[in-house]
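A.B. asks: The lines below spell out each chain.
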Amino acid sequence: MAIDLYRIDDRLIHGQVVVGWGQPLNLGFIVLVDDEVAGSEWEQELYRMGVPPEMDVYFATPEDASRQLEQWCADQRPGILLTGDIETMRRLIELSPSIRTVNLGGIHHRSGRTLKLRYVYLSPQEEEALRALERSGVAVTAQDVPSARAVPLDDVLRGEAER
Amino acid sequence: MSEGAPVAIVAAHGDLAAGFVSAVQQITGRGELFLPMSNSGLGAAEIERAILDVVDTRGIGVIFTDLPAGSCTIAARRVIAARPHVVLVTGASLPLLLDFMSHEELAPAEAAAHAVDRAVRSLTTVPGAPRGH
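Chains as they are written, first to last, in our numbering: chain A, 1 to 163; chain B, 1001 to 1133.
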């Protein structure tokens, strides 16, 4: 399978993805799944700008991504698939049940969310959405960079992983 | 550039921006020209909001960021789309910032362009060689 990481990260393409994960994985491509970005040339150029020229970036809605997932998975190069929020990943997995792992890479503070990890804040609704993913057989862990420990969802939700 | 007032933001990962400003202060005593910002613990929207707020309230004309693909740069690109008078410079380094602040006679955008040229030329490799007599 050529997509090594299915990651939820509200910064989408940024340093941790391109350099932090990109170099050790020798990334060949990034799939950015987001309705707004998929519908805007300006947004796509914004994210494409800083990515090394040898790395492809594909933009898709969850529906488009589901249709193209098999093709990306057959790619010989390692890839990362990104969504900016839990709901977009949930929609994609609903359409593509072959996705069995999800990485929480960065869900930052905003109103209604509480601290779970240094880089993961969740609202009660988001907690329940992640629990529902696990109940459906998807392994959810939090890991911001490759050198960090992958924290299982139960530990994330207890908020005890860094205490 | 106005005496004593910050004219540029340095936005970077971790404590890098504060380190840059500290180094400028140590070398020149003019660290006050730069406002350091970190992306630590912030989502994309929060970084953009923080930069925009400082641009608007402090009259900032130049934003320096570190990684071209980093979240600070992405946020700064959104800010300059909303505030086209502001210049963004990526790949911040100490030679870049020192040259920028040493051209106070120039408008901030001109000083930024001058500093980029100097910073590029400051990147050199120095091959090892036996010590001469």
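Treat the hints with care, as some may be off.
Simulated restraints, written as ranges between beta carbons of each label pair [what the hints assert, rightly or not]:
#	chain 1	residue 1	chain 2	residue 2	range
1	A	G28	B	A1081	38 to 46 Å
2	A	M49	B	S1102	41 to 49 Å
3	B	D1015	A	S147	14 to 22 Å
4	B	H1114	A	M49	38 to 46 Å
5	B	S1022	A	L25	47 to 55 Å
6	A	A132	B	P1068	50 to 58 Å
7	A	G39	B	R1049	17 to 25 Å
Over 10 Å on every C-beta distance to chain B, these chain A residues come out as not near it, computed from the model [as the list claims (entries may be wrong)]:
#	residue
8	D10
9	E127
10	S147
Derived by calculation from the structure, the hints in this document are not laboratory data. Think of the CB as a built atom: it goes at the ideal place given N, C-alpha and C, for glycine as much as any other residue.
A.B. asks: Quick check: which numbered hints come out false for this structure?
C.D. replies: 1, 2, 4, 5, 6, 8
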